[in-house]
Amino acid sequence: MIEGIFVEGLIYGIMVLGVFISFRVLDFPDLTVDGSFPLGAALMAQCLLSGVNGWLALLIAFAGGIIAGFVTSLIHNHLKVPNLLAGILTMTMLYSVNIRVLGNRANVPLLNQETILTQVTDRLTGIVPDEYILLVFFAVVALVIKLLLDVFFRTDLGMTIGAMGNNEQMVISQGVNPKTLKSIGLGLSNGLVALSGAFAAQYLGFADVGLGQGIIISGLASVMIGEFLIMKSNRIGVLTFCAVLGSICFYAVMYVGRYYGYLVNMTPNDLNLIKGILIIVLLIMTQSRKLKKFAVKAVVKK
Amino acid sequence: MIELKNVSMIFNQGTVNENQAISTINLKVNEGDFVTVIGSNGAGKSTLFNLIAGTITPTVGSIHLNDRNITRDPEYKRAQYIGRIFQNPLLGTASNMSLEDNMMITYRKGFKWLKRSLNHKMREFFRSELVQLRMGLEDRMKENLALFSGGQRQALTLLMMVLSRPDLILLDEHTAALDPKNAAIVLELTNKFIQEYKLTAMMITHNMSHAIEYGNRLLMMDKGEIIFEAAGEEKKALTVEKLIDKFHQIRHKSFENDRTLLSEE
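Read top to bottom, the protein sequences are chains A and B.
Residue 273 in full-length UniProt numbering sits at position 273 of the first sequence, and the numbers go up by one each step.
Residue 96 in full-length UniProt numbering sits at position 96 of the second sequence, and the numbers go up by one each step.
Bear in mind the hints are in silico, worked out from the structure with no lab data behind them.
Hints should not be assumed to be uniformly reliable.
Here are the computed lysine-lysine pairs in the BS3-like style, where the Cα-Cα straight-line distance is at most 25 Å [stated by the list, open to error]:
#1 B:109 to B:192
#2 B:223 to B:242
#3 B:198 to B:77
#4 A:232 to A:290
#5 A:290 to B:142
#6 A:146 to B:235
#7 A:275 to A:232
#8 A:290 to A:275
#9 B:109 to A:179
#10 B:28 to B:235
#11 B:28 to B:5
#12 B:77 to B:28
#13 B:115 to A:146
#14 A:179 to B:115
#15 B:5 to B:77
#16 A:179 to A:80
#17 B:5 to B:223
#18 A:232 to B:142
#19 B:235 to B:192
#20 B:109 to B:142
#21 A:179 to B:77
#22 B:242 to A:80
#23 B:198 to B:109
#24 B:192 to B:236
With the rest of the complex left out, here is chain A (with noise of 0.2 Å):
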């Protein structure tokens, strides 16, 4: 059971990696992410119905969310249109594009597909303790893409990117196009929340148009969850590593509720109002912790 809560935590924290992305390096509130979830999942189904390698599945989802992220940006780029605004504009059409790609469908059974987990598990039954299989596939994918984006934020370009979301005066005084910028962030982000949604469709046996539905917040909350956990940093690794840990305690939380919520006359429906709920406990102990520090330096000035 246990693992179960890791696995779930590591799927959506590549997830939470691309919100990272959006939400705090280039500070651009992205809601594409709700369709572009559906999507990756969507196009993993219908990759592996179609009888595609999972591998090549995989990066066709991924190239399917680097092009949401696109749409988002040239949205908001050349047609001036708020940043929440052309997410939600993206987020609008992909859902009718997700059912397409489903075959006019809402949901997509993969139960008995042959699929990237079921290779993995093949491979490693014997190596690895059969329930800890899955566990080990997805923390080293984490580990590779968390990785992966921490040498990305270290070379001229990621650091430029970085630059953008605190200071974007900064960006166009060095002679670099901000909507360069924004577009490859967002491309980037939505690519890593896409290949998130493929790995959760296989996990969960089934791809559903309505899996995107409020992935937006649970992004949003783990981030928050991380960077409430520790303390800040200016060192990407850290704040990648914040991202992915927050991603594994929200999804801990939720799959307790799932499970033991009925102890206390919960239902599943109920889950929305609790992601809400955390998010906002979470800023007032952060406005909190703020003010206390604040306190405390205005003590010592005396």
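Dock chain B against the given chain A, drawing on the hints supplied.
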């Protein structure tokens, strides 16, 4: 170098809020010039800089850099040759990134690719450049810029801009938001860098004695026009009183309540 031909800027043209910020300015800045720009609030100084930097496009007229028409070039393209420092010291650097990362981003202009340029050699180079500022920043390369003072950040912005060797630098009251001590340090550094690297510069200031002391040309602006210009020997002979008299002669009015313009310190 940079040339403005018949440039006018009208905001909200055709509405009741129509406002002529710049009216038919012709200006040529030669290579190696250090031009100081004075004028009261609303005289059009910052609008002039915005036009040169490309933040706004002129309603009429054209702007040329080294005989190339750049009137339609967006700000980020012009930024490759034109460096600009703002009054707000936070605009030149990213607060939540370390000093060395900031230097890496600002070291070279233009789009950056997937290369990792920040290595030991680069750090040593940055360290040796930082020593010039004499602020002890060379020992704080890993610290976030949020921990630095406005004066330190402005000095750093200045250093990084100089290192990228722009054709023209625009200083938009870049010391106005700093305390007097830091303002003096940054201004001294500015002057030193401009001399040392033979830069072409334009500097807006509210301080008339600075405008007289620094640079080889002086422009006085009022209501979107350049009303007085002095260069070379003529500029050296100027005093604050003479400047104020000049303004009276030309405009037949006093500076009224614009105390900042009259301040001598």
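Checked hints:
1. The straight-line distance between the Cα atoms of residue 109 of chain B and residue 192 of chain B is roughly 22 Å, inside the 25 Å bound, and the hint therefore holds.
2. This hinted pair checks out: residue 223 of chain B and residue 242 of chain B have alpha carbons roughly 20 Å apart, not beyond 25 Å.
3. Our distance criterion of 25 Å between C-alpha atoms is met by residue 198 of chain B and residue 77 of chain B, whose separation comes to about 23 Å.
4. At roughly 12 Å between alpha-carbon atoms, residue 232 of chain A and residue 290 of chain A fall within 25 Å of each other, so this suggested pair holds.
5. Distance hint between residue 290 of chain A and residue 142 of chain B is fulfilled; the C-alpha atoms sit about 23 Å from each other, no more than 25 Å.
6. Our distance criterion of 25 Å between C-alpha atoms is broken by residue 146 of chain A and residue 235 of chain B, whose separation comes to about 60 Å.
7. Between residue 275 of chain A and residue 232 of chain A the alpha-carbon distance is near 23 Å, which keeps this suggested pair within the 25 Å criterion.
8. Pair hint residue 290 of chain A plus residue 275 of chain A holds up; C-alpha atoms about 23 Å apart against a cutoff of 25 Å.
9. Distance restraint check for residue 109 of chain B and residue 179 of chain A: the Cα-Cα separation of roughly 16 Å lies within the 25 Å cut-off, and the hinted pair is therefore satisfied.
10. Simply put, residue 28 of chain B and residue 235 of chain B have alpha-carbon atoms about 17 Å apart, close enough for the 25 Å limit, and the pair holds.
11. Between the alpha carbons of residue 28 of chain B and residue 5 of chain B the distance comes to roughly 8 Å, so the proposed pair stays at or under 25 Å and holds.
12. With a C-alpha separation of about 21 Å, the suggested pairing of residue 77 of chain B with residue 28 of chain B holds against the 25 Å cut-off.
13. Between residue 115 of chain B and residue 146 of chain A the CA atoms are separated by roughly 18 Å; this keeps the pair inside 25 Å, and the hint holds.
14. Pair hint residue 179 of chain A plus residue 115 of chain B holds up; C-alpha atoms about 20 Å apart against a cutoff of 25 Å.
15. Using a Cα cut-off of 25 Å, the hinted pair residue 5 of chain B and residue 77 of chain B holds, with the two alpha carbons roughly 20 Å apart.
16. Under the criterion of a C-alpha separation no larger than 25 Å, the hint pairing residue 179 of chain A with residue 80 of chain A is consistent with the structure, at around 11 Å.
17. As the CA atoms of residue 5 of chain B and residue 223 of chain B are separated by approximately 18 Å, the hinted pair is consistent with the 25 Å bound.
18. The suggested pairing of residue 232 of chain A with residue 142 of chain B holds, with an alpha-carbon distance near 14 Å, which does not exceed 25 Å.
19. Taking the CA atoms of residue 235 of chain B and residue 192 of chain B, the gap is near 20 Å; set against the 25 Å cutoff, the hint holds.
20. For the hint pairing residue 109 of chain B with residue 142 of chain B, the CA-to-CA distance comes to about 22 Å; that is within 25 Å, so the pair holds.
21. At roughly 13 Å between alpha-carbon atoms, residue 179 of chain A and residue 77 of chain B fall within 25 Å of each other, so this suggested pair holds.
22. As the CA atoms of residue 242 of chain B and residue 80 of chain A are separated by approximately 49 Å, the hinted pair breaks the 25 Å bound.
23. Annotation: proposed proximity of residue 198 of chain B to residue 109 of chain B holds, straight-line Cα distance about 19 Å (limit 25 Å).
24. Our distance criterion of 25 Å between C-alpha atoms is met by residue 192 of chain B and residue 236 of chain B, whose separation comes to about 19 Å.
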